[in-house]
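> Read off the chains here:
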Amino acid sequence: MAHFMTLPEAVAQNLNSGDTAAFEGFTHLIPHASAHEALRQGIKDLTLVRMTPDLIYDQMIGMGAVRKLIFSYAGNPGVGLLRRLRDSVENGWPHKIEIEEHSHAAMANAYEAGAAGLPFAMLRGYKGAELARVNPNIKSVTCPFTGEELAAVPAIRPDVTFIHAQKADRKGNVLVEGIVGVQKEAVLAAKRSVVTVEEIVDDLSAHPNACVLPGWTVTVICEVPGGAHPSYAHGYYPRDNASYIAWDRIAADRDTFLAWMKENVLDATPEVFDDRVSHLRSRS
Amino acid sequence: MIETDFTPTEMMTIAAARALKNTDVCFVGIGAPSAACNIARLTHAPDVTLIYESGTIGTAPSVLPLSIGDGELCDTAVTTVSVPEMFRYWLQGGRVTVGFLGAAQIDRFGNINTTVIGEYDHPKTRLPGGGGAPEIASSCGEIFITLKQSKRAMVEKIDFFTSFGHGEGGDHRARLGITTKGPTLMVTDLAVWRTDPVTHEFTVVLLHPGVTREMVQAECGWTVRFADEVDETPPPTELELTTLRDLNARTKAAHSGAHTGDAA
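Going down the list, the sequences are from chains A and B.
If you use this note's numbering, the first sequence corresponds to residues 1 to 284, in order.
If you use this note's numbering, the second sequence corresponds to residues 1 to 264, in order.
One should not assume that every hint holds.
What the hints assert, rightly or not - Cross-link-like lysine to aspartate or glutamate pairs, in silico, DMTMM-like; alpha carbons within 20 Å at most:
no.	chain 1	residue 1	chain 2	residue 2
1	B	252	A	98
2	B	157	B	119
3	A	191	A	9
4	B	124	A	90
5	A	96	B	121
6	B	124	A	199
7	B	124	A	98
8	A	68	B	121
9	A	171	A	199
10	B	124	A	100
11	A	44	A	9
12	A	96	B	119
13	B	124	A	248
14	B	148	B	47
In case anyone wonders, no lab produced these hints; they're calculated from the structure.
Quantities reported herein were computed from a predicted structural model and do not represent experimental measurements.
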């Protein structure tokens, strides 16, 4: 059964230096507040997993919290490249991270395999693609029925997955709506999970086929309104595209980046997220 | 040079839009492909099914999304599925007729690099990577590509094979067991290119109004092949141009905000 606690307590109890952690969200419901709390607690040496590492992983890499990144698309969607990630990979600042790179199809299948308790995922993928040359975790299997050769990748089994969702009820059941991404798979694949939500309600009022994670599949629930900003929470506030555009300038320079991180992350608290989305709520 | 009242980028987007049919099911890449696909939907192909990799199927946004997962894509979609379902049932399942991609670097056989400039382990520029593209390139019925021409983008030899086009040309796809057509069309800001049915090299079939063969060659890193008969791309109609400019204006208004950075 899910426990209810504050985000600092949840991170302290569930994320350790050296862990393999997924902070998932496919452009929507990205758990920014959780990532910022992890940075405030000084957690290091992480293997971070995510299909689309965008701003939060750029921030965690730039702050030196990451040892290895497992990913499939490392960009600032619609804006450009991730400058802190580039500085690490190209120049070794603050240190060079190890990377394990896949395609989206492979990552999505690997999360699903993790959720399904399988050791690996298979897909008709990577044909002619050079990632198979540089990533030793891309192998192949032969279909025992047709003889077709298919790509195989290891299942993703994070120590802990962080997601953000719209609502939880008082029993800890979680409702995810809109672009649901791989969050359900990422939670079910992980040993532990921390879910931040916009609000805790008496009744989820969910459609019978809605994406609901039963409370007994979730380790911790934290109420953090605005916790996805500048990503969005469908039905609560829209994506703050201007902040994504602004990030390109902030991340371009090491000193500007460090000053921004101190002011907006290290010296902040989870409560600031509510204020950050207040001007956006009327537009949702 | 003919006087024109439209930009090369507008011509590119409109020429790319014309390639989509009303019956197509199209997997949409972000950026230039997204603009072209939505112009198709707003002009001659109102029933085209647009799919974004975030899981939105049959979406009809009023402004162009900044990311492939903006909320409006979900609000206006027929249905939104999870990302694993998107890649398994819909893309791998063979339900997509056209994959519409952009490219950071491309060669004459439609092989695309969006991974690194330079060596993989010690890149000069680390690009975002493949995302959905490696499997879009092999699972969609055929691939359309759109990009602005430059010698930096259109090169003799790409640094990394992110997405396989026609490899070394000829029957290379078939030799790898890939059964889909691969790249069949490329639309740039200067010309419309089709792949040769035998060699599978991109060949210029239409020059945009006012564009010469020399201009196409000047912005391309390989020796350009031209079809035996090269015609002129029909210029944008008033409806096409008005639709595109209205869409761009709505998009610009929607994405600007109080604290927009100066780099976009």
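> Going through the earlier hints one by one, which of them does the structure break, listed in rising order?
The structure breaks hints 1, 6, 14; every other hint is satisfied.
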